[in-house]
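Peer 1: Given next are the chains, with one letter for each unit.
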Amino acid sequence: MKPPPFSYHRGRTVEHAAELLRELGPSARLLAGGQSLLPMLNLRLAEPAHLVDLGSAPGLDVIRRDGDMLVVGATARQAAVEHSSDVRALVPLLAEAVEHVAHPPIRHRGTVVGSIAHASAVAELPCAAVALNAQLTLLSADGVRTVGAEEFFTGAFTTSARADEIVAQVAFPVTGPGTGQAWSEFSLRRGNFPVAGAGASVTVADGEIVDVAIAICGVSDRPVRARAAEAALLGTRPGPEVVAAAAAASIADLAPRVDGDLAAHILPVVAAPVPAWGYRASVAKSQVRRAVTTALTRAGGVR
Amino acid sequence: MSQTTDSHADVPAPMAPHKDMKWIGKSVKRVEDPKLLRGLGRYIDDVVLPGMLHAAVLRSPHAHARIVSVDAERARRAPGVVAVLTGPEAAEQFGPLPDSGPAPDKHVWRVLAADKVHYVGEGVAVVVAENRYQAEDARTLIDVTYDVLEPVVDPIAAAEDTGNLVHEALGTNVAYERTFTFGDVAHDFADADLVVRDRLRWGRQTAHPLDTTAAIGDYDAGTGEMVVHTNSISMTWLAFGAAVALGIPSNKLDLRPYISGGSFGSKQFCWRSTVTAAMMSKITGRPVKYVEDRLDHQLNGDQHGSDRYYDVELALMRDGTFRSLKIDCVDDYGAYIQFGVGSHGNALAQVTGPYRITSTEYRVRAVLTNKTQQGAYRGFGADAGNWALERIVDKAAAELGLDPADIRRRNLIPPDAFPYHIPSGNMYDSGNYEPVLDHALQRFDYDGWRRKQEAMRAEGRKIGIGVVTANERSVYGATEFWFWFDDKDVPVKTTSTPEGVSMTVDTVGAVTVTLYSTPFWGNSSDTVAAMLAAEEFDVDPADVSVVHHGTKGGLPAAGPGGSRLTVMLAGAITGASKKIKDKLRRIAAHDMEVDEADLEWVDGGYQVRGAEDSRRSIGDLAMLAYLVKTALPDGEESGLAADFVYDHPHLTMPKPDRSDLGSFYPCVGHACHLVAVEVDEETGSVDILDYVAVHDSGTLVNPRSYDGQIVGGTAQGVGTALAEEMTYDAAGNPLVGTFWDYLIPTALDVPEVNFGHEETPSPITAHGIKGGGEAGRLMAPGALSAAIDDALRDHGVRVTELPATPERIVGWIQGHRG
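Chains as they are written, first to last, in our numbering: chain A, 623 to 925; chain B, 140 to 957.
Please note that the accuracy of each hint is not assured.
Said to hold, decoys possible - Calculated cross-link-like contacts (lysine to aspartate or glutamate; reagent style EDC-like; alpha-carbon spacing at most 16 Å): (1) B/LYS720 with B/GLU776; (2) B/LYS168 with B/ASP679; (3) A/LYS624 with B/ASP432; (4) B/LYS632 with B/ASP799; (5) B/LYS421 with B/ASP359; (6) A/LYS624 with B/GLU269.
Because the hints were derived from the structure by calculation, they are not lab data.
Build out the structure end to end from the sequences listed, making use of the hints.
Peer 2: Rendered as structure tokens:
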């Protein structure tokens, strides 16, 4: 469990890091908190020739409000986001989801943006980003571009970012009045990635759901929006039956996955005891129901 | 040790619990902990010897394949590499590893695979380099050509298969098969009102100490001496096995024990790491460190636990009285069988649990497959045995409509029946089981919980309660590793499995205890030794020095295992202390010019009976013993030192036809565990709401550390019951390699255990102590299984397979039984 040889490069700034990535080519990998990449190196599941460390680049660890958005920089630690009163007040779903990421020591090293960029199909933060319709800023030697979270994730551990692009920051829309948010997940052991999890953001006005976004992880090769569930809720005056029907709808239009198909783990190992589809879908349904119910309560929509 | 076939003529009546002792029975802080808590423990990986090299092992990617060729030339030229040894080369230079299984020459176990690989992870070459990084880099440069064979994975199919064999020389995949009949089983079954049957599956698990197995070999080519620093166990009287494998004289080998972050049985012997480090030191002439990383340990650690398929039948009467028990077990041993079927000896030592059952049939088939081999894991086969018995008892209670606590109570062996021989022949030295059950029911508030359960169930919550009453055999005699065979030419004798200690009292009266082949494994060897010596000499345990001696020149000793250490050390330390105290008495009598019989030991010294002013302290007398030869009686040697080898307190011979296996595991404790759980029907998660454990392991030595044993064992039992499994796919690929996949419960998953104690001393051990090291894990799986059944009774769910993972539970609820 020792990494293969690699050369280490320190990015002095985010722009410098982008230049290094361009120069070193596709055999270079970007290093942020290292909580996924370093175990992969130790198990020799990844053998990059170069690591470009973003850790000491200045100004990237920001957590700040920018108009209607809350901006999290590329090296902001998960623990800093978890303990930020701004995050809790402005994007409560992100605050709740990050509490479920692994254990405190890992959250003190791991970064929110790094976890999103790693694009695990079962991780909390990519799923929360989809539920929140987060906007990702991709920076390269050519400049910057912005993509929405849903377009960003293209498969297990794969994204629409090029190998020489850095996810420099992720911006999350700030909640308004009448909006309740919640994260719910079930994992086989506390601190593990979930079997399935769901994030929900629901806005209620005059007792009626006027806006809703739900995303699920653990049921596909990427986090997915539960649009059928959203449609079942939008415009309704919510109660337990409506929520249960929406939860059932959330998995109805998903394609069943064969055993072992889901990249369910922190490490893209081929052989792993991955829970079977039927169980995974059943857990996902229950987590959608729980997340939506809690979000509605927080929105003041369900007594 | 006694060797008699007489039932229990030499077993004295149980004694009352000791209440007049200074240290035994008091909660004492562990003497080991100050150094460990300050990071000053010295583990193998902390040890750096001058010129030390590092080893990495290349592991087989195939479950079953013939090795066509191994080309290590590129690796030999890699940076930092000092030596590479391939499997075929090792087979020429070194002998097989010690294997106490049946017909070891027909399933030869080597440190590296020579002609065939037998499981994913088996070593095929070892690289030694200046550092571990270089060794691992060079390992990838070894080219091995394999001729891949069909893997042998399913033990049930493998038992019938004579074409595809793990070891061709054996001619079968069944390494051992035998049916034992103890008592008149046919009559008891015919006579019974009903027979309850169950088919059960105990999944493969392992102990997973945080500190993996590790060794440093240090060969001195000048003297031919080989020192191996090791955190695995190395019994002084069996260390010759490693010497044979290494091709060095047994008296030139010294296996030196180290502290380790846990064993739970899994570091019993672990010859492979010891021999790997030692052989590479012999080849390079430099110290070589081999520390298993987690993958090495998982895949190639020789430490997996029992992997069993059970058919169980219990014959009983309508009123719930048990009559007879039949067990048919297929055990998947993996590719080798280093301890033979010793783990079934552990099960047979308490096959009928705490219950009166008059006859038993036990069939065992030990099947070899292309998986990592079994080792020992806390319970060593009695864990699975206890669970199977408690499962069938619960099924019987359900069929008869009896309360699970009631059916147990009416079958408990009564206190006046001890010493009690169970059908297999093993003796239970003492016991008083009903007070343990009563204590546990009261501590748990059983009736209160039953009422609370009904109220919660009325709200739609799935609440269940489980109860087990179960035994913990302790202090094995190694006879259980060879009574399986009845070769006429090699008649079985009992094997005492002795434990020796050396003690000294120095010039100023300070006490030192030397232990042999007893690594500190996270159990409390030093504290136990210190308390027992402190009890004898009236000193503070913190002031007793404890030394861990290597095997070379060591007294016979076996260290921890089978819950033996405290009992065996108590016998040895009591014996050695008596020798020294007798000498002190002779010196005191001589110096004071009184008769020895007039002296008494009071508060750390000898005095004339009743005359406190005359007392000579241990320090006064020690000064004479070392410095004043003229003050000693004629012929008395200077100094205060004594060795004592304590033999097993009670072994009896098996009958020639094995209708009785004799007494081989006689210090038998008892426990009752009660648990309340809530099951989530959607996710299958099991929340533990309340947990009570009441144990009786004879005289308590240190309640504080014993509670630690119980909670640790219970934590492992929770993992066993709900989460932990070493899974393999149909091609023999292990599906778990790290703690990411192998789900050990964390502090967040383990309940607060509410402890209670009862004390029924052993009549055959020093101070009446029984072993308690496997406490918890022998009970928790049964209790949790019963609670899950109870919670899901509306669905008709019964737990017949462990671990009862959330996914399995949801499947059972949905009717898709595993």
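Peer 1: Are the hints correct? Go through all of them and say.
Peer 2: We went through each hint and held it up to the structure:
Annotation: proposed proximity of B/LYS720 to B/GLU776 holds, straight-line Cα distance about 14 Å (limit 16 Å). Pair hint B/LYS168 plus B/ASP679 holds up; C-alpha atoms about 12 Å apart against a cutoff of 16 Å. About 9 Å separates the Cα atoms of A/LYS624 and B/ASP432, which keeps this hinted pair within 16 Å; it holds. With a CA separation close to 14 Å, the supplied pair B/LYS632 and B/ASP799 stays within the 16 Å bound.
A distance of roughly 8 Å separates the Cα atoms of B/LYS421 and B/ASP359; the hinted pair therefore holds under the 16 Å criterion. Restraint check for A/LYS624 and B/GLU269: satisfied, since their Cα atoms lie roughly 14 Å apart, inside the 16 Å limit.
When each numbered hint is compared with the structure, no violation occurs for any of them.
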